[in-house]
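A.B. asks: Here is what each chain is made of, one letter per residue.
2 protein chains.
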Amino acid sequence: METGETTPVTNARGQLVIIGGAEDKEGDCTILREFVRRAGGTQARIVVMTVATGLPDEVGRTYTEVFERLGVDDVRIIDTASREDGSDPRALEAIEKATGVFFTGGDQARITSNLKGTEVDAAIHRRYAEGIVVGGTSAGAAMMPDIMIIEGDSETNPRVNVVEMGPGMGFLPGVVIDQHFLQRGRMGRLISALAQQPAVLGFGIDENTAIAISDNKFEVIGEGAVTIVDESGITHSNVGEILKDEALAVCGARLHVLPHGYKFDLQTRKPILD
Amino acid sequence: METGETTPVTNARGQLVIIGGAEDKEGDCTILREFVRRAGGTQARIVVMTVATGLPDEVGRTYTEVFERLGVDDVRIIDTASREDGSDPRALEAIEKATGVFFTGGDQARITSNLKGTEVDAAIHRRYAEGIVVGGTSAGAAMMPDIMIIEGDSETNPRVNVVEMGPGMGFLPGVVIDQHFLQRGRMGRLISALAQQPAVLGFGIDENTAIAISDNKFEVIGEGAVTIVDESGITHSNVGEILKDEALAVCGARLHVLPHGYKFDLQTRKPILD
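Each protein sequence line maps, in turn, to chains L and W. The opening residue of the first sequence carries number 42 in our numbering; numbering runs sequentially from there. The opening residue of the second sequence carries number 42 in our numbering; numbering runs sequentially from there.
With the rest of the complex left out, here is chain L (with noise of 0.2 Å):
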């Protein structure tokens, strides 16, 4: 999966869901719907990683009951608290029955630090390279990419220096996710993340919103948007020039405002429009 490349084409069989935070719980589950059933419905096993949070029993609590309630009988809570965590047998077993993975938000950094290259890591891309789906919410879909942003300033004009980038878990390579995305005002942190990279495409994915990804494509799910900044055939950037608490310049970048029920082609680059 981490081929370092910069075109965001897998050959994995499994699917991804990539969630923007706060998606609901409570009301119809959409996108925590649309996960279950991409992993099997009720036949589904599913695996909550919660290594991103600092409260794992109430977040994995939390999860559990909604997949239960949507009739999922086999859920069960992964928490990779350390390293050594990232080689137990339990997990290793878990991962290997699941159908689908799913990873809570809080810090993306701890995701990679404590699981980065472990074997519980190694199984869930081997798992997901056969065709299980791997979701993420907040913490856990900026954490997909090859290149992540690990954090960085809402609300600002785009600058080097107001993102700070480190390797991710390289489930979809070639792309940069931002999350809670319109309702942060994080557009100029997106710009910032692809200022050193703008090959990649940056997918900024709002609240209670997602984008379900198979065979290269991907389908909008939810209530608001994901933007697309595609900087591949830009007529200019400063990014050479400047300083890192430089004020950035972006010329000629394609921009996609993608709702509910829209398709993107990974390959192409292009909306699917009917």
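Treat the hints as calculated values from the structure; they're not laboratory data. The beta carbon of each residue, even a glycine, is placed where N, CA and C say it ideally should be.
Calculated Cβ distances over 12 Å to all of chain L for the following chain W residues: (1) D115; (2) K157; (3) H166; (4) E171.
In the BS3-like style, the derived pairs of lysine-lysine whose C-alpha atoms are separated by at most 27 Å in a straight line are: (5) L/K66 to W/K285; (6) W/K258 to W/K304; (7) W/K311 to L/K311; (8) L/K285 to W/K66.
Once you have looked at the hints, place chain W on chain L.
C.D. replies: This is chain W only, laid out in the frame that chain L set:
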């Protein structure tokens, strides 16, 4: 000026300085300094229009102090608190002699309701056509187009009902201007404002940032950036198919982010790159 055309090109000989709000008034005053310079420097005769604000004395005094500190001896405050004030002979005389007219922040609906169509409005437009500088910050920026944002929600994905549009003062037709732009997360609001009129250009101006327009070109001044959304070449929009509270889709818009020193050609709709 109020041609209703969807091209931001005018024949006016004057200049516009359009500020995204919260411009520096205590430090270098980069933007207000540029306004004064363009209005004639220490020889400038400036009229401060406080029509937008409910605190005309306080706000008028603040700008008078800044302009005087920058060396302007002739600063007059005009407060058209009612439409009757829009034919005040003293105001008309001051505008006749002015080299610069500056609109403060406040509520842009107060500018149009109190001033639009009055003799003072006509005088400012005539003087602008003859060559003076018209500046405005925040509400004084929003009012510049022929169709303006009256009010709207920040930090939301685009929907038709998140923004209320209405007639503006028509100094710069063919554009929509939003202010406090990235600081308040207004990307969704700007795209909503463009939904019904994709041929116009959207300018999102950050705080302490301005565009200075002359000869159908602008230059960016200040700390942040100007975000330009150009929907004239979009491949798809769902605005004709959705209801007011449903999420907008826009595919294939053009996006530019221009910081201090960058220039943009309103006729070609492109950044001017050396």
